[in-house]
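There are 2 protein chains.
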Amino acid sequence: MMVYNQSMNNLPDDPVLALPPRILLGPGPSLVDPRVQRAMLAPVVGHLDPAFLKVMDGVQQLLRLVFETQNELTLAISGTGTAGMEAAVANMVEPGDAVLVCSSGYFGERIAEMARRYGARVETLRRPWGQVFDPDEVSQALQATNRPRLVALVQAETSTGALQPLEEIARVVHAAGALLLVDAVTSLGGAPVGVDRVGIDICYSGSQKCLGCPPGLAPLTLSPAAVQKLESRRSPVTSFYLDLSLLRRYWGPERAYHHTAPISMVYALHEGLRIVAEEGLEVRWARHLRNAGLLWQGLEALGLELHVEVAHRLPPLTTVCIPPGADDLGVRRRLLDEYNIEISGGLGELKGKVWRIGLMGFSSRPELVELLLAALRKIL
Amino acid sequence: MMVYNQSMNNLPDDPVLALPPRILLGPGPSLVDPRVQRAMLAPVVGHLDPAFLKVMDGVQQLLRLVFETQNELTLAISGTGTAGMEAAVANMVEPGDAVLVCSSGYFGERIAEMARRYGARVETLRRPWGQVFDPDEVSQALQATNRPRLVALVQAETSTGALQPLEEIARVVHAAGALLLVDAVTSLGGAPVGVDRVGIDICYSGSQKCLGCPPGLAPLTLSPAAVQKLESRRSPVTSFYLDLSLLRRYWGPERAYHHTAPISMVYALHEGLRIVAEEGLEVRWARHLRNAGLLWQGLEALGLELHVEVAHRLPPLTTVCIPPGADDLGVRRRLLDEYNIEISGGLGELKGKVWRIGLMGFSSRPELVELLLAALRKIL
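Protein sequences appear in the order of chains A and B. Sequential numbering of the first sequence, starting at 1, is according to this note's numbering. Sequential numbering of the second sequence, starting at 1, is according to this note's numbering.
Quick caveat, the hints were computed from the structure, so don't treat them as lab data. Computed from a predicted model, the values in this text were never measured in an experiment.
The list that follows gives simulated cross-link-like pairs (lysine to aspartate or glutamate, EDC-like), each with its CA atoms no further than 16 angstroms apart: (1) B:K54 x B:E254; (2) A:K54 x B:D14; (3) B:K54 x A:D14; (4) B:K378 x B:E338; (5) A:K378 x A:D327; (6) A:K54 x B:D13; (7) B:K54 x A:D13.
I would like the entire structure built from these sequences, with the hints used as guidance.
Structure below.
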């Protein structure tokens, strides 16, 4: 056998030690509160240790507060936001099911793609990227299509910066006897979601946006009606890892082993959620809106145009049109190299057309808005 | 709207602060090296930040060293070991494919279950839990069954503590024109795996066992033949999150966005793998074997019987028969409460019959063996 010790000579310098202190103002991850990083240092214990089960219980209780729900089936999926999306779709869709996806952005298209992979007959209602849907058109689509039992849409489109109003659409969807699935990846903790108040049946998010934690967990909640759908499935969920009928037995009183939870990330999420609860949801939403307002004002003062009309702008994530003559990549590279600031380019249809600026969680602070505006003023 | 600040009054004490300093001697998670915990404190940067891409490159290079492979498609799945298992199965199985699963434990059964969920026609070759397979019986099963193109088995059965020899079986499987899928969750970094040397086509593991990191990532590697199978699929992988044809575009030179990687966990894995490389693979395997030997000797000196015959024992994970009259739960509870030591009970068929004792990664140390033996001596 080879002596693998010799390969140490070829080890590169340690790139973890070289990581720069970025100011994260992109679409996520956002800056992590130092309290959250400290929580990750808590000793790792077993995934069935009574001390860990208490942390899980705390996460569930705090998630219900942040989701504004009484839903029993409220937990965190052991993956990033995309895993949350897939858990929602995979568990609510069976082969042959008719599903209506309202899509006006990259992540709406992703939901449709996932639903197709899990065997749904997907109807897609589309709007130009950055616009929101009207309850009437959703109602008409529900009548025109093949009686879908599930309507999916993105509340906070990370690709466009639009915030979809949900109250009226929820009524229309429920009147048609369907369940409402909502992507709240870029809103939870930074803008009202209101699962019970609005009437959302399936809602998921990510830890690394407005909750101020590192990426790695996807909060998810199911209404009693969604649980009923889960329990009346004719076939098992194709994904074992994301099967909520198994996961709920681990997160519930049974504590049946399913997989080894990402222990340190659960500590991080617990601390991030405590910080949300301490600040208070409404105070936190107001902070996100106030700092977004500063940004919008400042960008317009620089002569820049915002992509989404003001009535439907998503406070945690702003899309600003790249001005004529500006070099998309060049500007972002200078922000990164000269100011350690990360903002992001456009995704999909909006690639090369907008920049995406996130003010989420610990990143939503007026001094960071000032810094970004000052940097842009010099670079542009 | 309700004022959610009020709910602060109902917040429980912080269970993260109350976490005890467990000595993790169960089947995983194992103790985390303090260097790994420090790495998790490195600043979170974006998942497409050039500084992060360097860390990803480092992880890939170090994973190839630990897997003992030149495979280009070597990466870490953004989930725990079960996600690695599912990524392996989901990408290698198409509906209608014949698959042979050799199962003599809980995780062999889990592979079969996943393959069925992804539409395979699964043949299962079974052995009593704790035994290993003979190349001849695998060869016979390959001839008897419906020409499977994939044979799956667990090298290191976490439920039984048996270590499956692979060299001969790999030859038999390849002679039949099939690919070999191997679960190395409880061996990688603690016992030889030798992907290229043995001829394993698909191999996965978990971060939280012999690699000494917290749970949250699943290393995975695919041979060129397995990549060819991936590229010649007739249908897309049902799971979007685990679709390797998309994931390889993020981990490869294209750097196409797929999902937001669990940044801090990737830092942790990078540091854990550096520690493995510094120690040297062979030295590390020898350490795991030496400490396991101390444990086996000590348990037998206490009059206890080991479940697996010595020739097929897995050094990182030992199963010991619960002696007549001993209270399974009561003994484990006393170890936890009086000594802060976690060992685990049996899983599945072996529940109530064995205890599972892990000596993995940072937990594989002679002083911890001494402590456990001393505690057991007092309690039993």
